[in-house]
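K.L.:
As a plain string of letters, each chain reads:
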Amino acid sequence: MNKIFSNLFKKDWFGLLIVVIFGALIISVLKPAFVSSFNLYVLMSSISLMLIVAMSQMIIIAIGQMNLSVGAIGGLVAISFAGLMEVYDMPIFIAASIGIVIGVSAGFFNGYITAKTGISAFIITLATLYVFKGINLGITEAQPFYKIPDAIRVFGNGKIIGPIPYLIIIPLIVTFVMWILMTKTIIGRYMLAYGNSIQSSELMGISSTQIVITAHVISGLLAGIAGMLVVCRLSLGTPNIGDAWLLPSFAAPVIGGAILAGGKVDVLATALAVVIVAIISQSLVIFKVDPFFVQIFLGFMILFAVLINRYREYQEENKKKIFVHE
Amino acid sequence: MNIKLPKFLYTNQFGLLCLVIIFALFFTFVTEGFSSRFNLYALSRVASIDIMIGLAMMVVILTGGLNLSLGAVGVSTAMFGGWCMESLSIPIIPSIFLILLAGSFLGWINGYVTVKTGVHSFIVTLATMSIYFGLMTVLTKAQSFKNLPDAFTDIGSMKIFYRYVSPLLLFSFFIGCVLYYLFRFTDIGRKLIAAGANPSAAELSGISVNRMFIYCHMLSGILAAIAGIMVTMRIGAAIPSIAGHLGFDWLLPAFLATVLGGTLLSGGKVTVFGTILGALLVTLITNGLLLLDVGIFWVRFFLGVILLGTVLIDKARAYFTEKNIVVS
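First to last, the protein sequences are chains A and B. Under the numbering used here, think of the first position of the first sequence as 1, with each following residue one higher. Under the numbering used here, think of the first position of the second sequence as 1, with each following residue one higher.
Please keep in mind that the hints were generated in silico from the structure rather than gathered at the bench. Mixed in with the good hints there might be a few duds.
With a straight-line cut-off of 30 angstroms between C-alpha atoms, the simulated DSSO-like cross-links for lysine-lysine are [unchecked claim]: (1) A/Lys31 <-> B/Lys141; (2) B/Lys141 <-> A/Lys288; (3) B/Lys315 <-> A/Lys116; (4) B/Lys116 <-> A/Lys11; (5) B/Lys116 <-> A/Lys264; (6) A/Lys184 <-> A/Lys11.
Stretch-level coverage of chain B by chain A, calculated; a stretch enters the list once three of its residues show a Cβ under 8 angstroms from a Cβ in chain A [stated by the list, open to error]: (7) 253-266; (8) 306-316.
These numbers come from a predicted model, not from an experiment. Built from N, CA and C at the ideal position, the CB exists for glycine as well.
Could you put the whole structure together from the sequences, leaning on the hints where they help?
P.N.:
Right, dumping it as C-alpha cells:
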C-alpha cells in the first residue's frame with residue numbers, strides 16, 4: 001500500500017489531482033455558488049477550449065521547441081470557418097473540413113521551415129504569427145462574421161445532461177488520443193526521444209524532419225479545432241480569437257511538469273493543470289476579484305511551477321550522485 | 001578577387017544601409033508625400049522609439065535569452081512616470097530618474113529569477129510580462145495620465161533641422177553611441193559579451209556570469225523604460241494601451257530590428273548599429289506600406305514575411321560561406 005502511494009506521488013498528475021480536489025472542495029464550502037449548475041457549465045466550457053490549446057502547445061514542447069503561432073492559427077481557422085459559412089453558405093461539415101485543412105497546412109508550413117532550415121522554432125513561429133494574423137486581419141478587416149447556422153449555436157451552448165456542455169466531447173476525445181499518442185505509440189516515443197536528445201535520436205535512425213513536421217502538423221490541427229470550437233461557443237467568428245492564448249498555452253504544460261528543453265510532457269498532468277487554471281480564474285470571478293488579477297495570478301503560477309520542477313530535478317540529480325558514490 | 005574593398009562593404013550593416021537607401025528612394029518615387037516634411041518628421045518620431053525597443057531586446061539576446069516582458073516593462077514604467085509627475089507632482093528630472101530606476105528594477109527581477117532558477121528567460125519573462133502588465137492595469141485601473149507637465153510633452157512635439165526631425169531620434173542615436181562605447185571600449189562591456197558568447201569559458205576566466213546576465217536584464221529594463229518615456233512624450237499622455245495587450249505589440253519591431261541587424265539569437269554577439277539600421281528599415285517599410293495604401297491590416301503580414309525572409313536569407317548566407325570555406 002505504501003509503495004503504491006509513493007509511486008503515485010512521483011507522478012506529475014497525482015499532486016495536481018489532489019490540488020484540484022481540495023481546491024474545488026474548499027471553494028465550494030466557502031462559496032456554494034461555485035457548484036451551481038450554471039457555474040459548472042461555464043467552468044467546463046472554458047476547460048474544453050483551453051484543453052485543446054494546451055495540447056497544441058504541449059506537443060511542440062515535447063520536441064523541445066515552442067509555437068508562438070498557436071493563437072494566430074486558431075484565429076485564422078476560426079474566421080475561415082465562420083466566413084465560409086456566412087459568405088459562401090457552405091454546409092458546416094465542408095467548412096469545418098476546410099478549416100482543418102488550413103490548420104494542418106499552417107502547422108506543416110511551420111514544421112517544414114523549422115525542420116529544413118534548422119532555425120529556432122521561436123523565431124519562425126514569431127514570423128508566422130504575424131503572417132497568419134496579418135492574413136486574418138487582411139481578409140476580415142477586423143470585422144466579425146455574425147451569420148452562424150443554428151446547429152452550431154446549439155452545439156456551442158447546449159448541454160448534454162445537467163451542466164455538461166456538448167462542447168466538452170471533442171476536447172475529451174482529443175485528450176484521450178493525445179494520451180494514447182504520447183504514451184502508447186511509437187511516434188510519440190520518437191517525439192520524446194527527439195526532444196530529449198536530437199543527436200541520439202538521429203543515431204537511432206529517427207528522421208528529425210519527419211518528427212518535427214509531424215509535431216507541428218498536430219499542433220496546427222489542434223489549434224484549428226480550438227479556433228472552431230470558440231466560434232461554436234461565441235456563435236460568431238471574430239478576428240481576435242486566439243489573441244490571448246499564448247500565456248495559458250504555456251501555463252498548462254509547464255504547471256503539468258513539462259520541461260521546456262523537451263523530452264518530458266505529461267498529458268494527464270497538462271489536462272489537470274488546465275482544470276486548475278480554470279478553477280482559479282473562475283473562483284476569482286466568484287469572489288469578485290478584479291479580473292486583471294487573473295493575469296497576475298497566472299504569471300505567478302508559471303513561476304511557481306517552474307521553481308517546483310526545478311527543485312525536483314535538483315533533488316533527482318542529487319539522488320543520482322549519491323548512487324554513483326555508493 | 002584581387003581588388004581589396006574596405007571590410008565594411010562586406011558587413012551586414014552595409015547591406016542594411018543599402019536596403020534603407022533603396023527603400024527610401026523607392027517610396028519617394030512611388031508614393032506621394034513620403035519625403036514631405038510632415039511624413040519625415042512623423043517617421044523620425046516612430047523610428048526613435050523602435051530603435052530603443054530594438055536595443056532593449058538586443059542586450060538580452062546577448063545573453064542567449066529573450067525578453068518578452070519588454071513591452072510590459074515599457075508600459076508599466078511609462079504609467080509609473082505619469083503617476084509620479086501627475087499625482088505626486090515630482091519635477092521632471094527626478095521623475096525620469098525614478099522611471100529609469102523602476103525599469104532597471106523590473107529588469108533586475110527578470111534577471112534574478114532567470115539566473116537563480118536556471119530556467120530559460122523565455123518562460124520567466126512570459127510570466128513576468130503577465131504579472132507586470134496585470135499589476136499595472138490593476139493599480140492604474142486602466143486610467144491614463146493626461147495632465148503631464150508641458151515641458152515634458154513639449155519635447156515630444158519639438159522639431160529640429162528645419163522641422164524635419166524629432167530630437168527624440170538624435171537622443172536614440174546618442175544612446176546607441178553610448179551602448180557602442182560600452183560594448184566596444186569598456187571593461188564591463190567586454191565582460192558582458194564574453195559571458196554571453198561562452199558562459200563556461202567566461203566563468204573560468206573569473207567573470208561572474210550570473211551577475212553579467214542580471215546586468216543585461218537591468219540594462220534591457222532601462223532601455224525599455226526610455227522607450228516608454230519617449231512614447232509618453234510623443235503622445236503627450238501616459239496610456240495603458242501604448243504597447244497593446246500585454247505589451248505584445250513591441251515584440252515584432254524588437255525582433256525584426258535585432259534579427260535584421262545581425263544579432264545572433266544564440267547570444268554572444270551584438271551589433272548596435274545593425275540594430276539601429278534594422279529598426280530604421282522596419283519603420284521605413286511600415287510607413288511606406290501605409291502610404292502605398294496597402295491597408296493597415298496587411299502591414300503586419302508583410303512584416304512577418306520580411307522577418308521570415310531575413311532569417312532564411314541569413315541561413316542561406318551562412319550555408320554558402322561555410323561551403324566556400326570548405327572548398328578553399
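K.L.:
Work down the list of hints and note, for each, if the structure agrees.
P.N.:
Cross-check of the supplied hints:
no.: 1; hint: A/Lys31 <-> B/Lys141; in the structure: holds (26 angstroms)
no.: 2; hint: B/Lys141 <-> A/Lys288; in the structure: holds (15 angstroms)
no.: 3; hint: B/Lys315 <-> A/Lys116; in the structure: holds (11 angstroms)
no.: 4; hint: B/Lys116 <-> A/Lys11; in the structure: holds (26 angstroms)
no.: 5; hint: B/Lys116 <-> A/Lys264; in the structure: holds (22 angstroms)
no.: 6; hint: A/Lys184 <-> A/Lys11; in the structure: holds (17 angstroms)
no.: 7; hint: 253-266; in the structure: holds (count 3)
no.: 8; hint: 306-316; in the structure: holds (count 5)
When held up to the earlier numbered hints, the structure conflicts with none and fits them all.
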